[in-house]
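Student: Throw the hints in and build the complete structure from the sequences for me.
If you read the sequences in order, they're chains U and Z. Under this note's numbering, the residue at position 107 of the first sequence is numbered 107, and the numbers go up by one with no gaps. Under this note's numbering, the residue at position 153 of the second sequence is numbered 153, and the numbers go up by one with no gaps.
Derived from the structure by calculation, the hints contain no laboratory data. Incorrect hints may appear among the rest.
To be verified - Over 12 Å on every C-beta distance to chain Z, these chain U residues come out as not near it, computed from the model:
{"hint": "1", "residue": "E8"}
{"hint": "2", "residue": "A10"}
{"hint": "3", "residue": "I18"}
{"hint": "4", "residue": "E21"}
{"hint": "5", "residue": "F29"}
{"hint": "6", "residue": "E35"}
{"hint": "7", "residue": "G36"}
{"hint": "8", "residue": "D41"}
{"hint": "9", "residue": "A58"}
{"hint": "10", "residue": "K82"}
{"hint": "11", "residue": "T87"}
{"hint": "12", "residue": "I95"}
{"hint": "13", "residue": "A96"}
{"hint": "14", "residue": "Q110"}
Unchecked claim - FRET-style restraints, in silico, Cβ to Cβ:
{"hint": "15", "chain 1": "U", "residue 1": "K14", "chain 2": "Z", "residue 2": "E159", "range": "49 to 55 Å"}
{"hint": "16", "chain 1": "U", "residue 1": "G42", "chain 2": "Z", "residue 2": "N211", "range": "37 to 43 Å"}
{"hint": "17", "chain 1": "Z", "residue 1": "F227", "chain 2": "U", "residue 2": "E21", "range": "51 to 57 Å"}
{"hint": "18", "chain 1": "Z", "residue 1": "F227", "chain 2": "U", "residue 2": "G20", "range": "26 to 32 Å"}
{"hint": "19", "chain 1": "U", "residue 1": "G42", "chain 2": "Z", "residue 2": "L32", "range": "40 to 46 Å"}
Backbone N, C-alpha and C fix where the C-beta goes; we use that ideal spot for every residue, glycine too.
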Amino acid sequence: MDTSKTQELAHIGKSVIIKGELSGSEDLFIDGQVEGSIRLDGNNLTIGPNGQVKADVAAKNIMVEGKIEGAIHSGDRIELRKSAIATGDIVTKRIAIEEGAFFKGKLDVQRGEAGSGGS
Amino acid sequence: MASVTNNFMKFFRSSATDAKAPANQSVAAQRLTRRSSALVEVSRSLQSEEPLCVLDIGYTSAGNIRYLTERGHKVYSEDLLEAATDPELMTQDEQGNPVLDSKRFLSENLAYSSAQFDIVLCWNLADYLDEGLVKPVVGRLWSMMKPGGILLAFFHTREAGPDAPCYRYHMVNADTLEMQAVEPRRHMRKGPTGAKHTAIGTGFRLQRVFNNRHVETLFRDFSSIKFFLTRDNIREVLVVR
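Tutor: Here you go:
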């Protein structure tokens with residue numbers, strides 16, 4: 001696995017392809033392809049503009065600029081940037097969706113501490 | 001139903017594909033506001049304290065997602081118009097004409113359990129969707145909706161003309177919508193090879209015009225239908241499952 005640690009941030013480059021289970025206790029930036037599952041309890045996940053993820057994902061904050069297919073569970077906030085293509089069910093407390101983002105699936109914003117948002 | 005659809009497809013079929021693209025590209029960024037009587041009725045249902053299951057099958061709208069989730073409802077989102085541009089849906093009918101594979105389309109989209117949704121926001125989908133998909137999609141929607149569930153749809157009148165832009169709709173409040181011209185995503189612009197329905201160029205094209213009788217026929221399996229006439233050449237329709 002070609003992951004390198006850069007200032008508390010693991011980075012999966014765009015030429016990297018991973019199949020399997022990813023878990024960790026640091027933030028992760030994915031610009032390559034990941035298939036399987038990703039679990040980053042309490043940490044942040046960023047799917048870069050070249051990132052292609054086919055996985056069930058769990059992280060505290062999730063930002064998507066690329067493509068993700070799978071169930072997405074965020075402990076706090078999900079942000080779908082305008083280039084995002086997200087397919088799958090989302091469970092989160094807060095969400096922001098930029099105009100132009102594509103989302104197909106169920107969105108369950110859990111009520112409680114925080115509301116939801118879109119932009 | 002297919003024959004009915006065939007009959008009124010002729011209104012715009014030829015002109016739709018020949019129509020010129022809008023001269024002003026920035027039209028997609030503009031937002032127009034309109035009052036919606038049908039939305040008022042939908043909003044009454046949205047006041048429910050029980051969380052409702054709402055399906056939005058228009059272009060992904062951050063505003064709609066925010067509006068609905070703020071009220072505690074569960075939102076399901078699918079952009080069926082974009083999904084219909086998948087080149088892999090192309091097949092041929094018995095005469096060798098290019099058509100979309102509706103069975104495959106429904107196996108990949110609207111895959112929900114029966115009687116799941118309280119509200120379906122259909123917007124103007126039927127006016128722009130490929131002819132062969134309209135009836136199967138409405139049938140699927142019927143099966144996915146709860147008895148008593150409501151469906152909101154808009155239909156252009158013939159006066160709107162073949163170049164009527166395809167709008168996405170954003171819910172602003174209980175009776176107001178913002179309309180924004182749909183700008184197809186880059187990867188959609190290719191479209192299925194040879195298909196006449198596709199979003200080639202700068203926007204989707206009106207495929208046909210439904211009159212009231214066609215609309216009633218389209219939703220004949222539903223228990224009731226209500227029309228709201230507006231000044232902007234759009235009929236708002238509220239259908240109850």
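Student: Work down the list of hints and note, for each, if the structure agrees.
Tutor: Hints, one by one, checked against the model:
{"no.": "1", "hint": "E8", "verdict": "30 Å, holds"}
{"no.": "2", "hint": "A10", "verdict": "29 Å, holds"}
{"no.": "3", "hint": "I18", "verdict": "24 Å, holds"}
{"no.": "4", "hint": "E21", "verdict": "26 Å, holds"}
{"no.": "5", "hint": "F29", "verdict": "24 Å, holds"}
{"no.": "6", "hint": "E35", "verdict": "19 Å, holds"}
{"no.": "7", "hint": "G36", "verdict": "22 Å, holds"}
{"no.": "8", "hint": "D41", "verdict": "24 Å, holds"}
{"no.": "9", "hint": "A58", "verdict": "19 Å, holds"}
{"no.": "10", "hint": "K82", "verdict": "10 Å, violated"}
{"no.": "11", "hint": "T87", "verdict": "10 Å, violated"}
{"no.": "12", "hint": "I95", "verdict": "7 Å, violated"}
{"no.": "13", "hint": "A96", "verdict": "8 Å, violated"}
{"no.": "14", "hint": "Q110", "verdict": "10 Å, violated"}
{"no.": "15", "hint": "K14/U / E159/Z: 49 to 55 Å", "verdict": "51 Å, holds"}
{"no.": "16", "hint": "G42/U / N211/Z: 37 to 43 Å", "verdict": "58 Å, violated"}
{"no.": "17", "hint": "F227/Z / E21/U: 51 to 57 Å", "verdict": "54 Å, holds"}
{"no.": "18", "hint": "F227/Z / G20/U: 26 to 32 Å", "verdict": "55 Å, violated"}
{"no.": "19", "hint": "G42/U / L32/Z: 40 to 46 Å", "verdict": "44 Å, holds"}
Hints 10, 11, 12, 13, 14, 16 and 18 from the list above are not met by this structure, while the remaining hints are.
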